[in-house]
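Colleague: Here are the chains, one letter per residue:
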Amino acid sequence: MSMNTQGRPTSAGEAGEAFRPKTFTGNRALDMEEPLIFEFGRLDVTGVDLDEPEDFVAELGGNERKDALELPGLAEPEAMRHYVRLSRNNYAIDSGLYPLGSCTMKHNPRLNEKMARLPGFGDIHPLQPLSTVKGAVELIDQLSHWLMTLTGTSAVAMSPKAGAHGELCGMMAIKAAHTAAGRDPKIVLVPESAHGTNPATAALLGYKVVSIDAKDEDGTVDLEALKRKIAEHAGDIAAIMLTNPNTCGLFEREIIEIAAAIHAADAYFYCDGANFNAIVGKARPGDLGVDAMHINLHKTFSTPHGGGGPGSGPVVLSDRLAPFAPLPFIRKGENGPVLVETEAGTVEGEKPFGRMTAFHGQMGMYVRALSYMLSHGSDGLRQASEDAVLNANYVRVGLQDLMSLPFGERPCMHEVLFDDTFLKDTGVTTLDFAKAMIDEGYHPMTMYFPLVVHGAMLIEPTESESRAALDLFIATMRDLVLSAKRGETARFSGAPYLSPRRRLDETKAARNPVLKWTAPEPAEVTPVAAE
Amino acid sequence: MTTYYSKDHEWISVEGGTATVGITSYAQQQLGDVVYVETPEAGKSLSQGDEAAVVESVKAASEVYAPIDGEVTEGNEALADEPAKVNEDPEGAAWFWKMTVADEGQLADLMDEAAYKAYVDTL
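Protein sequences appear in the order of chains A and B. With the first letter of the first sequence counted as 1, position 201 gets the number 201 in UniProt numbering; the numbers rise by one all the way through. With the first letter of the second sequence counted as 1, position 101 gets the number 101 in UniProt numbering; the numbers rise by one all the way through.
Calculated directly from the structure, the hints in this document are not laboratory data. Be careful, since some hints might not be right.
Stated by the list, open to error - Partial selection, computed: residues in chain B whose CB lies under 10 Å from chain A:
no., residue
1, V35
2, G43
3, E56
4, S57
As the list claims (entries may be wrong) - A few chain A residues facing chain B, derived, Cβ under 7 Å:
no., residue
5, L451
6, Y497
7, S499
8, E506
9, A510
10, R511
Please read all numbers here as calculations on a predicted model, not as lab measurements. No residue lacks a Cβ here, since even glycine has one placed at the ideal position from N, Cα and C.
Based on the sequences and whatever the hints tell you, model everything.
Modeller: This is the structure:
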C-alpha cells in the first residue's frame, strides 16, 4: 500500500476555549466588520469596463453633468459581498421568532413569491393597454371580493400603499361624505391606546383630536366616557378611530354599542385594521358597525413588510361611504370587471373624492395576498386567526406567573401585553430587558407601547410559530425574568453584549443627529514589516 | 410667588400678574431623556387644557397643557437647543413658557406642592 504519513491533528491546542484572539481585520470569523459602501467603494473607479466612445458628441444642449456623480465604483463580486454581509447582521422573520407586537411578523410563504413573479403579473406596466392586462385586473377584482367578503363591506379602495395611507384614504372618504351631506364637523375621537398614526391622520386632515379615556380595569374604551364626549361635542364629531382588537391585545367587547353611539351622532366609525389578523374568519367588521377599515396586506395576508416591503393598505368601505371611494376602482360589468380610472368614466352614484396614488397600487402585494388566501381557503384563514390567538395565549399562560399582566388573567387576542411591575426594585428597565433578549438571539417585543400601561412589553408571536419554538421562547423569557429578580443586573444594564454593535446612545443620536455623511480619511492597509 | 401643580404634571408659578409654566421633576423622570422641546410663541392665546407645548423623549412624544387661561408672553426658546435642560432642571431653568393670568379663580382647581406629592405617590 501507499501511505500518506502527513499528520493532521484534529483536536484544539492548549489555549483553551475561553481564548479570544484579537484579529488583524477586526472581523470575528463570519461576524464581519462591514464599512459603508462609500467607505470602501472608490469614487474614481467603476465596476464596468467600457472603452471611451470615439467621436462622442453630447446632445443635451449644455445640460450635461459637469461634476462627478460620486457614486462608489465596485465590481460585481464586491457589491454582492457587501450586501450579503450586511444581510447577515439583519434579524428577520426568516431567521427567528419575531415577537414585535402590533406588527404581525408572520411567515411569508414562498409560494406567494413564485406567483408574484409570474410574467403576467410581475412584468406588466400600469400604462399598458387594458386589453393586455385583463388577467391582472381580474386578480385585483378577485382580491377585492375576498377583502369585502371577509370584512362584510360593499366597496374597497385598493390603491393605498400601506396602513397609514389607508387611514388617510378612509378618513378622506368620511370627510367627503360629510361634505356631500352639507356638514363640516371638526372633531375626531381617538382612544388613549390608539396607534400614533390615528391622531396623526386626523390632524393631517385638519381635524381636532379628542382623546377618549381607557377603562382602568382593562384598557378598553370607556363607553360612558365616550358618550359624555359625544354629548359635549354634539354635532361636531366627524368620526371615531378605533383599533379592534385594541393595542392592549384585548377585544373591544362594547364595539356594537360604540358604533351605535357614533352613528347616532351622525359620525362615522373608522376601524384601524392593523390587528385584523386576530379576527379574520371569526368576525366581520362590517357587522360590528365599521364604516371604513384599512387592511394591512403586509400583516394579515403575509406579504413581506419592514425592509422587505412595500406595504399595501386597501380600505374597505360601508354602503354609506362606498360612493366616495377614490379612483381608480373596479366596477362589475356584464363582460367582466371594468377599471374606472378617471372622473369621466364614472356613472351616477359614483362620487370619488379624488385619487390616492398615480396608478392602481401594489400589484405584487395583491398577487401575494390572493395567493395566500387561495392556498389557505376561508377555513384556513379562520384557523390562522385561531392559531395566532392560541399562540399569544400560550405565551401569556407560560409567563403570567413571573411577568405582570396589567389587566389580569383574562384571555388576550393575537398579542399579549405585559407591564413592568415585575421588574420593580430589580434595577432593570423594560429597555434593559429588551436588549438582553437580543443577546439570547431574539428580536425584542414592542416596548413602551401602548402608552396606557407603564413600561409596556407587547408580544405577538403570530400563528407561524410551532409549539417547540414558543416553548423555547417562554423558557428564555423565564430565565431572563428570574435572572433580573435575582439581581443579576450586569446581564441587563449593558446588554446587548454579543451583537455586532453594543447598545446605541439613542438620546445622543436624537439630540445631536448627524444627518450628512462625510468621507473619512481613506484607510491604508499596511502589511506588517518583518521584524 | 406661589407654585401650583396639575394632574397632568405641569407646574405653574404665579408672581404678580405673570405665571411661569413647566413640567415637574416627576414628569421628566417618567419621560426619560428629553430630546426635543417645542414651546409656544409670545402672543398665543391659551385656554385651560389647550395643548401649548410638545416634549419628546426617547420613549414618546407628549403634549404639555395650559393649566389656566391666558396669553403667552414668552416661550423658552433655549430649550429647543438644549432639551437636556428639562431633565437637569425641570422646575427651574427649564421652564416652558410665561403667560398672563386671565382668571385667578382657575388656580384654585390646581394642587399645592403637598397635594401634588400625595397625588404622585398614588401613581
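Colleague: Are the hints correct? Go through all of them and say.
Modeller: Checked hints:
1. V35: At about 4 Å, which falls below the 10 Å cut-off, the nearest Cβ of chain A leaves the hint on V35(B) intact, so it holds.
2. G43: violated (21 Å)
3. E56: holds (8 Å)
4. S57: holds (8 Å)
5. L451: This hint holds: L451(A) lies near chain B, its Cβ roughly 6 Å from the closest one there, short of 7 Å.
6. Y497: Nearest chain B Cβ about 21 Å off; hint violated.
7. S499: Where the cut-off is 7 Å and the nearest Cβ of chain B is about 19 Å from S499(A), the hint is violated.
8. E506: Holds, because the Cβ-Cβ distance from E506(A) to chain B comes to roughly 5 Å (cut-off 7 Å).
9. A510: Holds, about 4 Å.
10. R511: Since the shortest Cβ distance to chain B is 5 Å, the answer is holds.
Going through the hint list in order, the structure does not satisfy hints 2, 6 and 7.
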